[in-house]
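**Q** Residue numbers (the working numbering), protein chains in the order written: chain A, 1 to 198; chain B, 1 to 327.
Careful, some of the hints might be misleading.
The calculated label-pair distances, taken between Cβ atoms and stated as ranges, are [as the list claims (entries may be wrong)]: (1) E20(B) x S39(A): 45 to 51 Å; (2) R46(A) x C122(B): 44 to 50 Å; (3) D42(A) x T276(B): 33 to 39 Å; (4) I13(A) x E20(B): 22 to 28 Å; (5) G51(A) x E107(B): 44 to 50 Å; (6) F246(B) x Q184(A): 24 to 30 Å.
With a straight-line cut-off of 30 Å between C-alpha atoms, the simulated BS3-like cross-links for lysine-lysine are [stated by the list, open to error]: (7) K70(B) x K129(A); (8) K70(B) x K117(A); (9) K129(A) x K58(A); (10) K129(A) x K144(A); (11) K129(A) x K159(A); (12) K144(A) x K117(A); (13) K179(A) x K129(A); (14) K159(A) x K117(A); (15) K144(A) x K70(B); (16) K70(B) x K158(A); (17) K129(A) x K117(A); (18) K117(A) x K179(A); (19) K159(A) x K144(A); (20) K129(A) x K158(A); (21) K70(B) x K159(A).
Everything labelled a hint here was simulated from the structure, so no lab data went into it.
We treat Cβ as the ideally placed atom computed from N, Cα and C, and that holds for glycine.
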Amino acid sequence: MYSEQIRGAWFGIHFFLLTAVCSAGVFWLIAEGSTILPSTCDEYARKAELGATWCLGKQAAASNLVRRCIATYLHAAGIQAGYSFFAPNIPSQHRLTLELLHADGRIEYELPHVRSKAAALRLDTLLDKLAEERYEPVREVLVKMLAFSVWREHADVKKIRATFDSVSSPDMNQFEQGKGETFQPMFSFDFSVSDAQK
Amino acid sequence: MQSAVKSPGSQSTAGLSLVERSWQQLVAFLFPPETDTWLAVLRIGLGLQVVVYALFLRSDWHYLLASSGKGLVGREVGEAITSFDSPLIPTLGWLVAIGRNFNISEEAVLSVTWVFLLSAGCLLLLGLFCRPAAIVAWFVHLCAAESGGLLAYGADSLMTTALFYLMLSPLPDRYSFDHWVAKTKPKNPRALGFWRRVLQVHLCFVYFIGGLAKCLGNGWWDGSNLWRSLIRPPFTAVPPDVLIRFRYVLPLLGILICVLEVSYPIFIWIKKTRFTWLVCILAMHAAIGFLMGLYLFALVMIVMNIAAFGVVSNTTTPQAAAESGAQ
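Produce the complete structure using the sequences and hints provided.
**A** Right, dumping it as structure tokens:
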């Protein structure tokens, strides 16, 4: 009976935290204006999101023990993120093109690559994350590392220009008219040999 | 004959009995006596999931999880982001640091963790050392998912959750080698029922939130999201020319997905509709696996659904009834 009380209490806490995580995710989508709801909802959604994240201790300082314990538990249980997969709409796709300038003046184009299909899916996930605003502070570092992963296979390359594009797929009508994907450059970085050695 | 006017005392007694009744209903909901068949399904399914995960990533394991300068982006960035959330979250960096103390190279530690993960998956499949295997599978997968957090997607967090529940569930089940070899005692049916309930309620959250978020996007109502998701590389298993032929079906399918997901927490509990909802959800995940190439995501969702709602609850076995009565 005693163990049932403990289990019952854990059930309540666990699903309370999951509710807070999921609500924060949905309210964030509304607050960002990426849903079909009217923009008047945005402000309320932002407040509701703050309320939900408060329950998760995210308003406390990063060093706060309660916040850290909650975060550790959420990660351990795999419930740190909500379940709004492919929602509210399918996110744009992204592409990182590396322009390799060889010592002899040759120019080659490469994409970051992996061996397996399963890893390719993960690489695409990374590229989609790079486009997000919250990854802006680490964007250059990550692009540099991706460029460096290709650089290792081309020792004579002097310089790399990494261009990050947002890829827009055609809709059904555009596809029938023969229109293909369109690329919208988002940002680019230049890396030289000295950058790679840092 | 009952008095028409109740005294304050009788009202409070009635109120108390209502609270008591609600409490009893809640306890009955949380702790229904169950057999361990669902747990065997979860264990075998997750064993298969872990084996497939390890084998799929075999050729890229080091490349994805090595430190800076050796791998794709280096483990450190993902680990730094994770440690900003909390430094207590386990990562592969912990294991590499332990290995360094014993003069074991990073490469060797990564190889050993991969072997541990694959072995844990195989042991879960067989039902040998169930509990330790579930703990190792959960821990190593969590470390890999956190270290490669930038490369992680939905399947990883669902896999962590499923392994977390498996690790806490009353293992071993009676279909496992452990039970056969060690002749372990049957587990408490109410504890088995509780952990199945946890899995069931969790799935209701997953689908309700997923369905709600989809309902809020206009692209799911006109089929354009389905079109975009199916022509989006690397998920292009169906050529767009073939999809165009089904252009009038896509809006219907999009709406069906929204309805199916958002109403899952209602219709999956009703006996009459459970089978239909379960079959539709399983078909949706099978389609996601085959048409979009999201095999790991599809597999973990199929396993969780079958374990939670697909296995017929058989609490009328003499053993379960006796155990339930003994509690």
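**Q** Against the structure shown, which of the earlier numbered hints fail to hold, in ascending order?
**A** none
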